[in-house]
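K.L.:
The primary structure of each chain is shown beneath.
Number of protein chains: 2
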Amino acid sequence: MGASAEVTIREVALRDGLQSEKMFVPTDQKRSLIRSLSQAGVEFMETTSFVSPKAIPQLRDAAELMAQVERGQMKHEVMVPNEKGARAALEAGADRLIVFVSASEAHNQANVRRSVAASLADLDAIFSLAREKDVPVAGAIAVAFGCPFQGRVPRTDVLEIARHFADLGADRISLADTTGLANPGQISDYVSFFTGQLPDTAFCLHLHNNRGVAMANLYAGYLAGITLFDTSLGGIGGCPNVPQAAGNLATEDVVFMFEEMGVATGLDLCRLIDAAKELEKMLDHPLPGQVMKSGPSGWHTTGAACGAA
Amino acid sequence: MGASAEVTIREVALRDGLQSEKMFVPTDQKRSLIRSLSQAGVEFMETTSFVSPKAIPQLRDAAELMAQVERGQMKHEVMVPNEKGARAALEAGADRLIVFVSASEAHNQANVRRSVAASLADLDAIFSLAREKDVPVAGAIAVAFGCPFQGRVPRTDVLEIARHFADLGADRISLADTTGLANPGQISDYVSFFTGQLPDTAFCLHLHNNRGVAMANLYAGYLAGITLFDTSLGGIGGCPNVPQAAGNLATEDVVFMFEEMGVATGLDLCRLIDAAKELEKMLDHPLPGQVMKSGPSGWHTTGAACGAA
Chain S
1 MGASAEVTIR EVALRDGLQS EKMFVPTDQK RSLIRSLSQA GVEFMETTSF VSPKAIPQLR
61 DAAELMAQVE RGQMKHEVMV PNEKGARAAL EAGADRLIVF VSASEAHNQA NVRRSVAASL
121 ADLDAIFSLA REKDVPVAGA IAVAFGCPFQ GRVPRTDVLE IARHFADLGA DRISLADTTG
181 LANPGQISDY VSFFTGQLPD TAFCLHLHNN RGVAMANLYA GYLAGITLFD TSLGGIGGCP
241 NVPQAAGNLA TEDVVFMFEE MGVATGLDLC RLIDAAKELE KMLDHPLPGQ VMKSGPSGWH
301 TTGAACGAA
Chain B
310 MGASAEVTIR EVALRDGLQS EKMFVPTDQK RSLIRSLSQA GVEFMETTSF VSPKAIPQLR
370 DAAELMAQVE RGQMKHEVMV PNEKGARAAL EAGADRLIVF VSASEAHNQA NVRRSVAASL
430 ADLDAIFSLA REKDVPVAGA IAVAFGCPFQ GRVPRTDVLE IARHFADLGA DRISLADTTG
490 LANPGQISDY VSFFTGQLPD TAFCLHLHNN RGVAMANLYA GYLAGITLFD TSLGGIGGCP
550 NVPQAAGNLA TEDVVFMFEE MGVATGLDLC RLIDAAKELE KMLDHPLPGQ VMKSGPSGWH
610 TTGAACGAA
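Residue numbers (this note's numbering), protein chains in the order written: chain S, 1 to 309; chain B, 310 to 618.
Think of the hints as simulated: they come from the structure by calculation, not from any bench. For each residue, glycine too, the CB sits at the ideal point set by N, CA and C. One or more of the hints may lead you astray.
[What the hints assert, rightly or not] DEER-style ranges, computed between Cβ atoms:
1. Ala202(S) - Gly534(B): 46 to 56 Å
2. Lys281(S) - Glu441(B): 26 to 36 Å
3. Gly571(B) - Ala202(S): 25 to 35 Å
[Stated by the list, open to error] Now the stretches of chain S that chain B is said to cover, found in silico as 3 or more residues with beta-carbon under 8 Å:
4. 179-192
5. 206-218
6. 286-292
Kindly generate the complete structure, drawing on both the sequences and the hints.
P.N.:
Structure (structure tokens):
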């Protein structure tokens, strides 16, 4: 493993981001945002989740939205909490299902009111359904780097879940620092460990910025060989009840960093900034992203400052 | 060079932070904050600057403040723009003078209305004065990683200034990313280059977060062998006219990261969080620091959650 000349940025604002917002963003506005992200070059999109509308009313339009989104270069990945959600997502034409389990018992109980073992047992049916439709499934492991209730999670516990996902046929595994408790040394260590133990599995990092460290964590992951990162336009997501506490890393900040390093993302920074401003207008509160406020460097590889003709 | 088990955090909130705030913080409140920072273990402090009170009214109480601050473990470093300021700072009992030059002509003209050469020529008198009093002088290079007016600055230009500082006897050189234009690959590259060219000089990194990349830059600097970093309590500083645009890296966020990595900072995270909240109350607006909102991990090396008895 080693640092790559190319990385892939996976956009999670529509799901992880919007589910943390107080307001329901109307479906046509979501479509508009997806179109803007598509025009910016986004290929991998976590578009929505088929969950109980009581639990997450912000995503209650999952089926409607999936029926309307443009298809093409952009792949619409859909998070599903159970078999019922998986059926609905497959029916809606999801390009990939995302299933998730927490690395700690405490967080899994808080999140889905089941034990980790019970959550894992439920996966068989979901993977079977997806296989019938020839739709890939990715696994996500929440609180993989630390749990706010239980503390550090032994990396062997996390590995066990990752191995379970891999055995079921997951084509990718996301390691999530759900509440921003990771540090770059730990990221290096875990990534080397997981990629060593499961050399044929593609890993993704999903990093929250609750403690201001997420960009260093992302860089450490990149140095350790990760080439797929979840980010969220404008940095939305996480804890809407904590004022100004950042959620995910902002897509446009991450793209700025990689492009300045000469690492290709395939995304258009100026269009991303425009999309982040569109999102900020929809949500009607300041977003934590920084590049959308300070602008790109001006000598950015696009060769022009954003906003120029 | 290589990653160290210990780092030193230099606090710049009182100077770089407060000079960017609209309000004047009364001297007794500054003293209180300095006391809180001292109790948190801060040893290196950029306490104020002897500049024109017209240019920076927020620091107009420099002499008064320096007369009142506690002396002891904490070293009070003072930024000086010219010989007049240097005399005043030495008279006020500064433990170290900080002189500065911009790496680009455009920024130096904007900042002090002089050419880089003229700024460098002025340094002779300042270093002489300091030598008479046996007070060390450190040099700071603004926009070392990129200038908002002029673009990328060739690292050989930056080296020339660093060499000039070193030849005059500067005991430390600060490389400043004044408007947050650096990226981690560049930081690695520059740090290796500078420490290779000037192996006997101590370097410090001063990183602004205008584009959300500063923590990754700091981590890259740490990996390249830097052990001294400027940070600002609560993350204040930078651009007060850009809402929510972060200034410096927040001291408590950086301390959180290093301590979680097992790298000793000598600072007490819980006391820093308390001090950041004290500062937020003084300034009466939300600060960009994240750990002050999300709290430490709970399993932090102090062994207790902050606020516990």
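K.L.:
It remains to establish, for every hint, whether it holds in the given structure.
P.N.:
Hints versus structure:
As the Cβ distance of alanine 202(S) to glycine 534(B) is approximately 33 Å, the hint placing it in 46 to 56 Å is violated. Distance hint check: the CB atoms of lysine 281(S) and glutamate 441(B) are about 60 Å apart, inconsistent with the given range 26 to 36 Å. Glycine 571(B) and alanine 202(S) have their C-beta atoms about 30 Å apart, which keeps the hinted 25 to 35 Å range intact. With 7 residues bearing a CB less than 8 Å from a CB of chain B, the segment 179-192 of chain S meets the requirement of three and the coverage assertion stands.
Requiring three or more residues with a Cβ within less than 8 Å of a Cβ of chain B, the coverage given for the segment 206-218 of chain S holds, as 9 such residues are present. Interface restraint, the segment 286-292 of chain S with chain B: holds (5 residues with C-beta to C-beta distance below 8 Å; minimum three).
The structure fails hints 1 and 2 (numbered hints given earlier, in ascending order).
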